[in-house]
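S.K.: The primary structure of each chain is shown beneath.
Number of protein chains: 4
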Amino acid sequence: MSVMNHQTTVLLQQYKQIRGFSKKIVSPLEIEDYVIQAIPDVSPPKWHLAHTTWFFETFILVPYLEGFKRFNDTYDYLFNSYYETHGRPYPRHARGLLARPSVNEIFQYRDYVDEQMTSLLERCDAETYDQIQPLLEIGMQHEQQHQELLVTDIKYNFSINPLKPVYQHPVSTVKTAVPTLEWVRFDEGIVETGHSDDGFSFDNERPIHKSWLDRFALANRPVTNGEYISFMENGGYEKPEYWLSEGWSIVKEEQWKAPLYWEQKDGEWYSFTLSGVQKVVEDELVTHISFYEADAFARWAGYRLPTEMEWEHAMKNQRIEGNFADQGHYHPTAEYSEENNQMMKTFGDVWEWTSSPYVPYPKSKPLEGTLGEYNAKFMCNQMVLRGGSCATHSTHMRLTYRNFFHPDKRWQFSGLRLAKDL
Amino acid sequence: MSVMNHQTTVLLQQYKQIRGFSKKIVSPLEIEDYVIQAIPDVSPPKWHLAHTTWFFETFILVPYLEGFKRFNDTYDYLFNSYYETHGRPYPRHARGLLARPSVNEIFQYRDYVDEQMTSLLERCDAETYDQIQPLLEIGMQHEQQHQELLVTDIKYNFSINPLKPVYQHPVSTVKTAVPTLEWVRFDEGIVETGHSDDGFSFDNERPIHKSWLDRFALANRPVTNGEYISFMENGGYEKPEYWLSEGWSIVKEEQWKAPLYWEQKDGEWYSFTLSGVQKVVEDELVTHISFYEADAFARWAGYRLPTEMEWEHAMKNQRIEGNFADQGHYHPTAEYSEENNQMMKTFGDVWEWTSSPYVPYPKSKPLEGTLGEYNAKFMCNQMVLRGGSCATHSTHMRLTYRNFFHPDKRWQFSGLRLAKDL
Amino acid sequence: MSVMNHQTTVLLQQYKQIRGFSKKIVSPLEIEDYVIQAIPDVSPPKWHLAHTTWFFETFILVPYLEGFKRFNDTYDYLFNSYYETHGRPYPRHARGLLARPSVNEIFQYRDYVDEQMTSLLERCDAETYDQIQPLLEIGMQHEQQHQELLVTDIKYNFSINPLKPVYQHPVSTVKTAVPTLEWVRFDEGIVETGHSDDGFSFDNERPIHKSWLDRFALANRPVTNGEYISFMENGGYEKPEYWLSEGWSIVKEEQWKAPLYWEQKDGEWYSFTLSGVQKVVEDELVTHISFYEADAFARWAGYRLPTEMEWEHAMKNQRIEGNFADQGHYHPTAEYSEENNQMMKTFGDVWEWTSSPYVPYPKSKPLEGTLGEYNAKFMCNQMVLRGGSCATHSTHMRLTYRNFFHPDKRWQFSGLRLAKDL
Amino acid sequence: MSVMNHQTTVLLQQYKQIRGFSKKIVSPLEIEDYVIQAIPDVSPPKWHLAHTTWFFETFILVPYLEGFKRFNDTYDYLFNSYYETHGRPYPRHARGLLARPSVNEIFQYRDYVDEQMTSLLERCDAETYDQIQPLLEIGMQHEQQHQELLVTDIKYNFSINPLKPVYQHPVSTVKTAVPTLEWVRFDEGIVETGHSDDGFSFDNERPIHKSWLDRFALANRPVTNGEYISFMENGGYEKPEYWLSEGWSIVKEEQWKAPLYWEQKDGEWYSFTLSGVQKVVEDELVTHISFYEADAFARWAGYRLPTEMEWEHAMKNQRIEGNFADQGHYHPTAEYSEENNQMMKTFGDVWEWTSSPYVPYPKSKPLEGTLGEYNAKFMCNQMVLRGGSCATHSTHMRLTYRNFFHPDKRWQFSGLRLAKDL
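Chains as they are written, first to last, in numbering that gives the first Met the number 0: chain A, 0 to 421; chain B, 0 to 421; chain C, 0 to 421; chain D, 0 to 421.
What the hints contain is simulated information worked out from the structure, not anything from laboratory work. Some hints could be false.
One copy or any two copies: either way a pair holds, since identical chains are not told apart in the list.
Claimed, not checked - Below 16 Å or equal to it, Euclidean Cα-Cα: the simulated EDC-like pairs (lysine to aspartate or glutamate) are:
id	residue 1	residue 2
1	Lys-364	Asp-420
2	Lys-209	Glu-187
3	Lys-362	Asp-186
4	Lys-238	Glu-372
5	Lys-364	Glu-240
6	Lys-362	Asp-420
7	Lys-163	Glu-262
8	Lys-315	Glu-191
9	Lys-362	Glu-187
10	Lys-209	Asp-420
11	Lys-163	Asp-72
Kindly generate the complete structure, drawing on both the sequences and the hints.
M.R.: Spelled out as structure tokens, the structure:
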């Protein structure tokens, strides 16, 4: 017996909103923009749109919708990102070589899957609902993650084009003076971090577990462009003593002299944004820096990065609000509000690199089956970032959320907040 | 005083026909197909359309049309292929990373340049006409060369897509039995080859010059798929004794076992064509082989490749007719006509690899200025091919035409004809 | 006033013993063996002999011995390993391209520095002694680290030679039955790990600090070859579900099917050892595996690797004894002694991969100046190993000792011990 | 019946002299110098010593000396250079990773083969002698080719060492004023070049064959350092118009600004020689330039390189004398003698790049069997050089001798002589 009850209605509505937001992100694009992949790290926008759709098709429709027929069998190869236990995926670095399926076909694919999902949800019985609901949650969170990647990948793809395309007109924002950097202090002791089983969380956020923390202090806000320019002007990129060895190698090889997207003209710093090339605003948070740069900055400043446990403990009572993707700026703002207790810009604006390598929590268990590959297999050589960014949807953020990237990556909206021992 | 005389009218009509044929070639494409570059050797279709336009703009409109304004100044960087004395070109391997300009903008660019060209021709005086005319000839020949590349690049780009897109429906052709291979004999002596100053030729075809040729014989037709399969079945790709050293290295590294685009299923050979995957027809000419493969085949067969002087001397009296791009097959046919003296399939179908490295003719002079870079600077490490292919327009072919590619390249319609000493 | 007191005498004797042990390790080599570098990870033996000498010269003789003249100024460039704040080092990957200085010259260099060191120690006053002594400690520990690398690098260099050179005759060892794997249990609670300021330790082992540990159990011994073969025979190298993503990429790229140095002949496993190719002994500990393999084995077995805090806490009361380099086997043995409490083979035999990324301890401080580059700058993308190996000198080992390598490295004597949650 | 006649005696003596000259070349080396391979193009000196020995062993002793036993079976793998039909060779780029066999063992190997060769020659009957003699000739010529490589490879290996080792003290030479560049003129007509069957020649020099030559002139001497510096000071390395496309790519990638081994200090040019770093002497011939540089120089000068047929025709009456390896300078000299008709420095000093790609002569036949791989399989992508150098033994040189290298190679003693059309 099918149950199109309130719960289902809410879930379906949420599903449609999230699916719709992906479309909204790509709405300013030309068809050509959907195709390219400027570096292996980024994916063509049409690939993101298809892959998220494949996710629902593969993990929900195929196993749970009787008689379901895939939209196109080859898509199961083309749009499998990295699920090796599901089947050999199409090589990542070659996603930008696929002219077909066309953008139009991919939108048809999305429509087809959305219709089938609607149909499944509207007709499924309670038992099936209980099985589907957690998968749907993951699928929606997954689509939100790719929404962030859509934004950062479009930005990267646009940035390397000598024509410097503009994604949207600059959005005017409120600017306030940058508050003085102040230290918020925390006592030593055993703390509990991680996510309970209540509400959605990824497997990598669970379980709640204990850690010992020494006394420490955390800055009341992340580092600004102005502060980062001081580091640069102080020889930050020329002195090996600030850098991890592998970071220093990249600085020399890639001739890094500033964050990604920055360039200097006539003594002024400019950066490429989704609204084209803009003057760097000193009061905005610095972003598009690698872990190596965040770490070097902290060492230069005489401080350090926080661990992810310190960060999560310190931010326990912050409200999830800030400069998120739903506001549509897609860029950090210089608006500082002091109300949110002492801490500012905890969520949104820029992801904050922590000093914590991405490893499993004590007693954590990956999901069973193929979805166990979602997070666990990447727990090596990557660093944790916290807090979300201006490209993260606000409904996607949680205190316990663990983002992770290799320490040399810079195309995400990544910045830093200082910490120190007491 | 402007002279819109008969000569100009004919030239303008020719210009428009050639420009129109480029558009015809791309007409079956989706917008996404215009953007990609599957390997550095190929270029995105939209790049070809823009680059040929840039050629007219740069070498004719800018210097000869007073008050002319470039369509977009950045295009002079983006669509300069390799003219280093004109300015640093945009890197070739990264042509597939340019979403913009859009396909639509590129068609506008073509229209703009076509209008200005028309206007220039319609209004120019006799003196200007005399200066423009040879440049226009080169520009049109240049566009025809890129028409061939459009066909071969589209084929390559399509071939690597697991969805195996189809460019056009298979075109039905007449099939006749393959004539027995016979040897056409030529005496020793001093021969003259190369192009006179009458009519258009590239600088690399000039001047007429003498060579000594020993007695030799040339096969009456190129090698067929059936003959090439014998080579393969005889261990052609497994025995180093047939191969040049650098050819053998590639065979092992790339695991070559057949021509490009071939694959074996259930004991049958198939190849990817512009009409999708098709069974290999034994009576068609073998194509998509490298110089190394052509040379290895000839050694296996106990013969050799002809030099380009032998080829040109032997073909002196052949009519320029055959399976050309204007017929729209874009694939070799199994139709053999014995009328054309003793030689068959001299022109069209497949380019024939010669044993001649691409070097300047005695006393040859490259064009003055930037256009001197057109041919001369590539005279190293490449081999000459003769005769045109099913992707060459018939009006582009000449007896003296020298095509050239690196000896490992296979994405052109390249085959071979055997020669032997007497 | 100079003080050649007892303390100095002891230190000098220790210095000479350690310097002598380096010579002992290389004594079986031909001159040619000193020169080569089979992969960038390893260094030529003569480079190790010179670099350790440069260390004493640079950090002690140059600053503390008045009137000291370097043996050869170019050596300061050639034998600086990675101290960027001291000066640009000669590129690591090119160490095997240096025929000169000759081996003979390098032994002269060692003698020169040893004489000057002796002279300095014999004549220095108490104040200088106090400054020198900690540097000398580091220098000796540093030389001991390079002794281990000498052994592992000689092994690697020999292994790739088709002549399979033999470093020494097989050393006969006692063999006992492998004891059943048993779990030693530990309670939850706050533990203290790390090194106090008493006695020597590297900066990366300090300070003592607290951690919270959940209840856990540790295997009473590391994993054996026999157990590892079960993993292999169970499809260990074929099933992606056991592997971290980057590990799986390497397995496929490098076609790993067994530990480094193993090869199968007629159904039997053999491995290359410093005594040539030998049959794999099932009762010996598995070694020459990467972190990825250790981690995959643990996942296959249903367990996990221990954290370095768990390991250190669990081994707190073990005696530092075992199969060390001073015994000269340079290979794990199958001798198990049950006396050492419950734990066996804690020290010596093989380094044990932990699940802990190599990061700084809370409140740790790198050494001041150039020696701060010794450890701290490598704290990224590497994993901690504990316990020493058959190539470590027993006087070099400590409970708190942290070794670290990238997770894909296999040329060290690295193995694993299982852990589990309770 | 054995015939130790005069012919045999002479041949054996020649064999011993040639074998002895290899030893003389390496006599200044330290053992360490024998081992290294600074780039894949060069080989370790001990490899050359062993490979030339393997050549006699493989092509003469194994087939013709009954009961002969190889010195070491693995050597047949290690010291096979590139004879694929003989068996898979050890990879070329890894020759510098072989510490073993030791230098001492390789000298033993040489002695062993020399003894067996002596024994074979002393005892063989006339029939065997007739079979062996041509192989022995090739073997000796082959050893002489490797003698030249020994010199150039030792030079390269030394050059990259920051200690700048010295192979020998500078040899004092006579210096004369550089004669004015004059043009020697040649008429048009059919010429015959190539080697007859009289006396030794490689298969690539045969047969004598006809070519048509237009009128041309050849410079009376090669280009000097002084002239080359003019090219450099005139922007030779900065202007793309002088360069072949692939040459220009290398100029930019490798940042070429001068010949190999040159560096500028305080406005003066120095070059690394086998006698250490020396001031560039303007009156010596320029050397260590690639074909690309030779070709660019000629274009800058308004002339061209000669074809190999022009060169051979023009030099028909020159005596084989000059600055050869037997004189032991191993460097071009500034001694010009006008006696040798009009042409100077035709042989010795520097190899002269021609404009001729290395291709087979009409009707040429490679040797039968494995030795057919000696020359023929390299006839692609290489350019012919003529005349020998200061590292060639005088007894190795012939008018018809064809040397060949890839156009980007610079570590040989390669220079150029100008030609022009008349």
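S.K.: Which of the stated hints cannot be reconciled with the structure, identified by number in ascending sequence?
M.R.: none
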